[in-house]
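The lines below spell out each chain.
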Amino acid sequence: MTLSTIPSRLPPEASRTGISSGLRGMASESPVSLILWLALALGAAWILPGLVSWALLDATWVAEDRSGCDPSGACWAFIVNRLPQFGFGFFPPQERWRAAVALAWPVVALAIALGPAFRGRSGLVAGALAAYPVGATLVLWGEPLGLPGVGTAQWGGMTMTVYVGTVAFVLAFPVGLVLALGRRSSLPALRVLSTVFIEVWRGLPLIAVLFISVVMVPFLLPPGTELPRLALALVGITLYTSSYLAEVFRGGLQSLGKGQAEAAAALGFTYWTAQGYILIPQAIRAVIPGILNTVVALFKDTTYVLVVGLFDFLNIVNAAVADPHWLGLANEGYIFVGIVYWSFCFLLSRVSARIEWDMARGAAREART
Amino acid sequence: MADVVSNVTDSGMPSQRPSGTRHPPRRQWPWAALAQQAAAIALVAVAITYLGANITRNLAANGMTGGFGFLWQEAGFAMSFSLIDMSESSTYGRVFLAGVLNTLFIAGLSLVTATILGLIVGFARVSAARPLSLAATVYVEALRNVPMLLILIFVQTVVLRSLPVVREAISIGDAVYVSNRGVYFPWPEAGQDLRLAFGAASAGCLCLAAAWVLRPRTPVLKRRDLAGVFAGMLLGVILLGAAVAQVDWQRPDFQGFDFRGGAKMMPEFAALLLALTLYNAAFIAEIVRAGLQSVDRGQIEAARALGLRDGFIQRRIVLPQALRLMVPPLTNQYVHLIKASSLATVVGFPDLVAVFLGTSLNQTGRAIEIVMMTAAVYLTLCLWLGALSAAWNARVSLKGR
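Sequence order for the protein chains is L and X.
Heads up, the first sequence is in the numbering used here, so the first residue is 1 and it goes up one at a time.
Heads up, the second sequence is in the numbering used here, so the first residue is 1001 and it goes up one at a time.
Treat the hints with caution; some may be incorrect.
Said to hold, decoys possible - Here are some chain L residues the structure puts well away from chain X; computed CB gaps all over 10 Å:
#, residue
1, Asp58
2, Ala131
3, Pro144
4, Gly146
Said to hold, decoys possible - Covered stretches of chain X (chain L as the covering partner; in silico rule of three or more C-beta atoms under 8 Å from a C-beta of chain L):
#, region
5, 1055-1061
6, 1081-1095
7, 1141-1151
To be verified - Chain L is faced by these chain X residues, among others (derived, beta-carbon under 10 Å):
#, residue
8, Gln1036
9, Leu1111
10, Ala1128
11, Lys1339
12, Thr1345
For the record, the hints were derived by calculation from the structure and aren't laboratory data.
Keep in mind that this is a model prediction, so the values were computed, not measured.
Even for Gly, the Cβ is constructed at its ideal location relative to N, Cα and C.
With the hints as extra help, turn the sequences into a complete structure.
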């Protein structure tokens, strides 16, 4: 995999072939490379021991407040104490199971989607996700179900992040599909409308979109209608995401050969039946990596809701860091947030890369036969 | 609109096909296409009318008026940073202008730094020296998978606050001081004649440019070809040095509670610049790597077999082919970067979104006008970038395949 910067005075083959690891591999490298290895090792030796003793050896895991922590190590007790809040926001303790349901729902759906295949799996996952916006809202809000009502001001933490991300994704999916079809339509009016819509939402920064939706949407509703800030922010994020998804879907539709549409027309399919049974399913399958990448970007972008005063996972840690009982623990707080976001995004981007690789290999095999 | 052509045959709408016997006969009513479009436009028109009516009613209910007259009103707030003269008596129009300039400034600056860092990391990733590629991989994977906002907040609260207080600022050569209140650096003293220094600097730049233009382009390097280049570079550097020496620099000097003299880079600006650079460089590095790896290895081997020197192969054979693949995603990344510069709002740097969409909107309540103006700025920027990239793409794309 390492083409490139021309390994200068090396014999052409000796340098890279054998991953006959360890010293033999190193011995065959150039002196410059050895010096770099040494520099890297020195850097690691300089940083790692301090980091390990701070993060693990001297760290305090259980404490009542800041004073109970060993000042020479990390104070993970802060995270441990606040974990329920980071996870479920300001949900009343006896109602936290509802937040947990809303949190686990998409995670389980994703796990099923990525796990071993079984009959009817895609239907199950799609159904679970499609039911999420209404289902999770009902579970969290609770009043229509006869549970004690919990207002959106009390939602927060990881639950908020997952709720915002999943609802925006699920609602944006059909909108994006329609926009993609519109942009590829042969009818100029539809094409222009969809193109303008997509380009406008894609051209605006998400922060501006959030400001705009929080300020403008109340003006667009009939006078007297009041919506919680969360709903207003969701409108903005959904439209923003739908225009990105539209471009992903358009890529998928474009990747199908003309033959598919022509064969469908020859068999007497109408526009919508051809799209629904033949073109869209293939297009979506072709762009699963792109969809996953959009999900990763969306998950990272949900942090922007802090500008409109919502307490998502990052913002709730932000607020906790300012707590007088646990002052001066910004390092621990942000490192924890970083690890959580990193693990999720890294996992998903690996999955996406893996699918892409499998597809490329499948295409290559097909081309050979 | 390259896709228009393929649309006609792809979308399965028989009514729009070019007539010809090869195609299936028209089964739809000939006016169907027109009717569908009319229906779509009518639907959008109805929606816009309904929403517009709501806006008018809401504005009336809140006793608000519309129009762009507010742009000539006094804004009454000062900006902590601006490239043009601003005071509390400046108008909203001037606030808008200052906001646009600040956005362009931070976005333009971080675009350059992120590209440079991204190129370095990207070349390191494909380097044959494994320690380099390992370090670059760790960098890219660590930064790509966390939200940029987290990096920004981390840089602001942890990195910048861990810097010493002003009194104990880190001194670099007694000229540049780094503290948690910002970076202080020398600046030309006001009111001096800068024409000579300016002339010397221009001549220096000219020499460097000439050296670059006249650099040896022979595939096989000869030592004597380099002499002219070195002479040009040397002259340029001397002239630039003379220009710097000519100016009376005002050094920051610690007096009382703060530094006096010189210029200061706000910590908010530094945090934003650092975060934008670090985060976007990770993505640019990936784009660079993908581009470089897309070049067929045979190209390099063939060039080496011809006896071409390494630098020449990289520049004239690998890079041009890699660029063809790199430019479209790079443009996307630049658009992302420009949009992400609006995170300035979070750290308190007065960019367009912060001062105009934020403060000015709060004060005047002219939501629609302000939203439209802000949107227009970002859309113009993105469309320009897109157009530039498309023009470049058309120039470098493979012809006749």
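Consistency of the hints with the structure:
{"no.": "1", "hint": "Asp58", "verdict": "holds (19 Å)"}
{"no.": "2", "hint": "Ala131", "verdict": "holds (27 Å)"}
{"no.": "3", "hint": "Pro144", "verdict": "holds (27 Å)"}
{"no.": "4", "hint": "Gly146", "verdict": "holds (34 Å)"}
{"no.": "5", "hint": "1055-1061", "verdict": "holds (count 5)"}
{"no.": "6", "hint": "1081-1095", "verdict": "violated (count 0)"}
{"no.": "7", "hint": "1141-1151", "verdict": "holds (count 9)"}
{"no.": "8", "hint": "Gln1036", "verdict": "holds (6 Å)"}
{"no.": "9", "hint": "Leu1111", "verdict": "violated (15 Å)"}
{"no.": "10", "hint": "Ala1128", "verdict": "holds (4 Å)"}
{"no.": "11", "hint": "Lys1339", "verdict": "holds (4 Å)"}
{"no.": "12", "hint": "Thr1345", "verdict": "holds (6 Å)"}
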